[in-house]
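Letter by letter, the chains look like this.
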Amino acid sequence: MNPDEQLYDEQVVRPYVISRGRTEARANLDLISLAVAVRQPTGLEVGLDPEHVAIVKMCVRPLSVAEIAATLDLPAGTVRVLLGDLLDAGFVAVQDPQPEVDVLDERMYRAVLDGLRAL
Amino acid sequence: MASVPSDKPHLPTPVKLLIAGGFGVGKTTMVGAVSEIRPLRTEEVLTDRSVGVDDLSGVEKKTTTTVAMDFGRISVGDDYVLYLFGTPGQERFWFVWDELAKGALGAVVLADTRRLSDCFPSVDYFERRGTPFVVAVNCFEGAPVYDLAEVKLALSLPPDIPVLLCDARRRASGKEVLITLVQHAYSKRPVASV
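Protein chains in written order, with the numbering used here: chain Y, 1 to 119; chain R, 1 to 194.
Since the hints were derived computationally from the structure, they do not count as laboratory data.
For glycine and all other residues, C-beta sits at the position ideal for the given N, C-alpha and C.
Be a bit skeptical, because a hint or two may be false.
[What the hints assert, rightly or not] Here are a few chain Y residues that sit away from chain R, every Cβ distance over 12 Å (derived from the structure):
hint	residue
1	Ala-35
2	Asp-49
3	Leu-104
4	Asp-114
[Unchecked claim] Quick list of the computed label-pair ranges, beta carbon to beta carbon:
hint	chain 1	residue 1	chain 2	residue 2	range
5	R	Glu-36	Y	Gln-40	20 to 30 Å
6	R	Pro-159	Y	Met-58	45 to 55 Å
7	R	Trp-94	Y	Gln-40	39 to 49 Å
8	Y	Arg-117	R	Pro-190	16 to 26 Å
Using the sequences plus the hints, can you model the full thing?
In structure tokens, the structure reads:
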């Protein structure tokens with residue numbers, strides 16, 4: 001053990017405070033699951049933390065869990081928990097779980113190749 | 001609780017591509033060269049259960065690890081959005097790779113001819129997992145220039161794996177690598193079962 005080791009790891013503790021100790025997200029979200037705001041908070045809601053509000057504000061256009069996490073400097077796991085809360089409260093819509101991209105969908109390959117060629 | 005609106009807004013389908021390879025091979029550089037946003041970094045806090053060799057009590061020791069991944073985004077029309085993830089360079093983060101590789105359309109393995117063996121773990125991983133991949137040799141200044149066939153031989157790659165030269169700093173080059181990858185993934189897509 002490293003003698004300089006802290007009693008707690010700030011990077012781990014703070015996110016757990018924000019998610020109130022929860023690590024399991026209600027929604028089945030991975031790093032690239034997209035979320036979009038469907039209504040904006042009025043500021044009078046009970047139970048919304050600043051992080052919740054920040055997420056809804058960002059998601060005026062669809063953003064992935066990874067982008068939200070990077071912008072708010074939170075671990076992806078914490079963002080998943082917060083998005084689950086926002087989904088329950090009707091502030092955001094999230095993508096239906098898509099465990100795998102449909103590798104049989106020719107339209108997808110065409111769209112991706114066209115997009116890359118246009119870069 | 002407020003009711004959830006029933007008319008769900010249209011959300012594009014995310015498509016994931018991975019950029020793998022050894023430490024310092026230019027993964028984040030390539031992500032940044034082709035991404036429409038500056039490369040972002042996301043962190044996953046993971047609990048890694050490991051059993052110490054000298055642990056006589058048999059109690060599992062849990063350690064938390066923070067793993068950082070750099071990623072970028074390319075919007076492709078209204079229906080799809082491409083996410084490029086640089087895989088963490090250290091081999092001890094295989095468990096993150098599994099989460100990253102799940103659902104990925106394909107992977108670029110970046111190689112540096114001065115340290116070709118650094119990309120072996122990535123090649124092995126994607127071969128074992130059946131993820132379509134291409135090998136892109138990043139042309140560092142001053143690095144020995146090899147014939148692509150030699151690189152292919154050195155990596156003992158199957159003949160159908162595309163190997164190409166690239167400059168990870170240039171958008172046009174990264175774009176060519178990604179197009180080659182998606183075309184390769186298309187050719188490798190499973191045949192629809194009836």
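Comparing the hints with the structure gives:
1. Ala-35: violated, 8 Å
2. Asp-49: Since the minimum Cβ distance to chain R is about 16 Å, Y/Asp-49 lies beyond 12 Å and the statement holds.
3. Leu-104: violated, 5 Å
4. Asp-114: violated, 7 Å
5. R/Glu-36 <-> Y/Gln-40: 20 to 30 Å: For R/Glu-36 and Y/Gln-40 the Cβ distance comes to about 25 Å; the hint holds.
6. R/Pro-159 <-> Y/Met-58: 45 to 55 Å: This hint holds: roughly 46 Å between Cβ atoms.
7. R/Trp-94 <-> Y/Gln-40: 39 to 49 Å: Taking Cβ atoms as reference, R/Trp-94 and Y/Gln-40 lie about 41 Å apart, which means the hint holds.
8. Y/Arg-117 <-> R/Pro-190: 16 to 26 Å: holds, 25 Å
Hint compliance for this structure: hints 1, 3, 4 are broken, all remaining hints hold.
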